[in-house]
Amino acid sequence: MTNDKVFSKSRRNALKTLGLGAAATTLPLWARYAQAGTAEPIKVGFQAHKTGIGAAYGRWYERTTMAAAKKINDEGGINGRALEIVIEDDGTDPKRGAEVVEKFATRHNVDVGFGTLFSHVVIGSAPRAGELKLPYFVVSEGHHVASGMLNRHTLQPCITDVKSQVAAMAPFVANNLGKKVTMIFPDFAFGHDHRDFFSAAIEAQGGEVVAKIAIPPTESSFTKYFPKIPRNTDVIYHVMVGPAVLTFVKEMGEFFGPSRPEIFGFIDSLEAVDINSPGLEFLEGTYFWEGHPRYAQANQTEYDKAYRAGVGVDNTGASISDSKDIATYAHMFGCWETLHTIKAGMEAAGYQSTADRSKLIEAVEAMTDMPEGFAHPQGAKLFNGKTHQVFGHQYITKVSGGRLNLAHTTSIEDTFYPDEVDYTKQSF
Amino acid sequence: MTDMTKSLSLHLGLIALLLSLNWLLPSYHHGNLARIMVLAIYAIGYNVAFGYTGLLSLGHAMFFAAGMYGMALTVRHLGWSPAPALIAGILSGFVLSVIVGLLALRTSGVAFMIVTLMFAQSVFLIILYFTEYTRGDEGFVIQQAQRVMGGIDLSEAHNRYLAALLGFGVCLMLTWFLVGHPFGKTLIAIRENEERARMLGYNVYLHKLGAVVISGTISATAGALYGLLFGYAGATFATVQYSIFPLLWVLLGGAGTLLGPFVGTLFMFYLIDFTSEITTAYMLVAGVALVLLTLFAPQGFMGELRKRALGWLP
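Taken in order, these protein sequences are the chains called W and B.
The first sequence begins at 1 in our numbering and counts up by one.
The second sequence begins at 429 in our numbering and counts up by one.
Keep in mind that the hints are not guaranteed to be accurate.
To spell it out: a stretch of chain B is covered by chain W in this simulated footprint if at least three of its residues, at any positions, have a beta carbon under 8 angstroms from a beta carbon of chain W; those stretches are [unchecked claim]:
{"#": "1", "region": "449-457"}
{"#": "2", "region": "556-568"}
Quick list of the computed label-pair ranges, beta carbon to beta carbon [what the hints assert, rightly or not]:
{"#": "3", "chain 1": "W", "residue 1": "Ala204", "chain 2": "B", "residue 2": "Gly507", "range": "30 to 36 angstroms"}
{"#": "4", "chain 1": "W", "residue 1": "Gly285", "chain 2": "B", "residue 2": "Gly537", "range": "51 to 57 angstroms"}
{"#": "5", "chain 1": "B", "residue 1": "Leu440", "chain 2": "W", "residue 2": "Glu75", "range": "57 to 63 angstroms"}
{"#": "6", "chain 1": "B", "residue 1": "Ala573", "chain 2": "W", "residue 2": "Thr218", "range": "49 to 55 angstroms"}
{"#": "7", "chain 1": "W", "residue 1": "Ala200", "chain 2": "B", "residue 2": "Val719", "range": "42 to 48 angstroms"}
{"#": "8", "chain 1": "W", "residue 1": "Asn232", "chain 2": "B", "residue 2": "Val719", "range": "58 to 64 angstroms"}
Since the hints were made in silico from the structure, they are not lab data.
As the structure is a computational prediction, the values presented were derived from the model and not from experiment.
Just so you know, even glycine gets a beta-carbon here, dropped at the ideal spot from N, CA and C.
Assemble the whole structure, with the sequences as input and the hints as a guide.
Here it is in structure tokens:
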């Protein structure tokens, strides 16, 4: 566990010893904190995938979270109180995840839990969050929240879920790439979600899935699957994950050679991977879903510029300090935005202590429009308080000259689907 | 006081101590101990096969998962209430352990380890293959309303703790009875010298099969209880690491001792909980602890205690 107070006691003590000039520069911030009813910080428990399969994501989720916390504290904190991030490693494991949530609630006494990405960790942890009455803000993109599987204490206010992401891709694929689609996906829940949601969405666009090729999760070579791709395929839709993706792309390139169908994939498999890595040359000219474009685009907003600068990411999506350290850019904005939403919710609820947790949840449930801005650099969003799920723009980029260039931005409406739950009817 | 009386007093005393802690512990440790007791049941099950019979399995996660899914799937798809679902989970582990025992016990030593590992991997892949029903790697939630047994909400902290203690106490005392019974003593004889036990006329195969079935069924009880008390079932619990955990717990606590599984689980839980606050290499710390223990206390905590001071410990 790491306690990372941007304004820790030791720093305050150090500041006291500084000269008047230095003190004057920090005085407005002190003054703002002094107005709060309590000097205690707002504590946000960050459930981090520091180890395990999600470690690459976890590293960048942590950097983004700390950058957002710094920004929030620099701007006066939350309700006049400093924001403190309490980090615990969940090992990307649902059992440890549930233990971490318990630790947040009963040992660290945090105000909210936050930041979980991997679906199995969310699903394993959320029951305990609900039982412990701990508001649990996840950044997972799983459909588990909006499906109604979880509880009123679990919210996903700043990253869209896989169902809306997939559905929003269908119009672009059908209208620009082709109507006969072969899907290649891992043969477990994540892949099945893509299979089911996209099949329905492409049919609604007048297209069809001509083959569904499920790859067993233990597979390390894919050559035997490519002959199963029907000859009339217009588009290959792939959503492979894990380290085998590099082999998958290389073998797919060797199979098709220069003549291939259109190819569309989800960037999830290549998050934290340089698109110019050896073996990925075959991706040139193919398309990707991105939650937030990794490469700074021609129409880059000032919000994206500020966000990149805050987190320490350059215009190619790499760390400013190490060009080989590629960000999980398509997802990590969710941490930045969720922390700002927690702040907005606490301020709307007049949040003072853990006794106000229900008020916080009600305040977030009451949110609807989230305009694009410094708090929401990925784009505008629309939050559905009933399903605890946000909806927002999706980005489709094309690999061109070793860059991911924006080809299409969906509307928020493209991502809508009927409500499957109304959490506001559940009691606290 | 006879050795048996001392032993009985010690084990019942531990259960009484754990009962009293229900009202004394702060909520953080209270929640931890409930979880530790359920995991200790798993370790107790593993200890029957490994500690008392000398069967080193690398696939016990399949029994834990069988119990968990046997319980959870009947709740999710058949709408069963917790009590019959719990029994379904335990029976699932029983049936699986009979099948695995019949086949795997045709091998021994390293081959037994590999065969159990392969069976466990098969169970894991079956869970993924039937994702439509199991939700595969993601798993699924067992809702709070589905965890009310006879009017008792098992998601409530004290009820959960007491249910975990009940399960732990029953399994602990069952194994206490087992190791004092001629059947248990025969298992120990098989562990010490299988050929001699065979020469003396014992049916080694049947005894080993009995040990695997008891071990698997207790492990399945732990899995079913875990899902019921903590509201989640997922394929992660069928992965290799969940086969390795009980081995570590038992080695640390003392293989072939009744209290070793509990002590080892308790130690390892807090070791990971504490060291993960300091470093991401907390499993390395756990590994170093295990190496040190192997070097300086090869029989584990309780094993060393038995060797040095309490020779009557079962």
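Hints, verified against the model:
1. 449-457: holds (count 3)
2. 556-568: holds (count 10)
3. W/Ala204 with B/Gly507: 30 to 36 angstroms: Hint holds: Cβ distance 33 angstroms, inside 30 to 36 angstroms.
4. W/Gly285 with B/Gly537: 51 to 57 angstroms: For B/Gly537 against W/Gly285, whose Cβ atoms are near 56 angstroms apart, the range 51 to 57 angstroms holds.
5. B/Leu440 with W/Glu75: 57 to 63 angstroms: Holds - the Cβ-Cβ distance for B/Leu440 and W/Glu75, about 60 angstroms, lies within 57 to 63 angstroms.
6. B/Ala573 with W/Thr218: 49 to 55 angstroms: 37 angstroms, violated
7. W/Ala200 with B/Val719: 42 to 48 angstroms: 54 angstroms, violated
8. W/Asn232 with B/Val719: 58 to 64 angstroms: 60 angstroms, holds
Checked against the numbered hints above, the structure breaks hints 6 and 7 and satisfies the rest.
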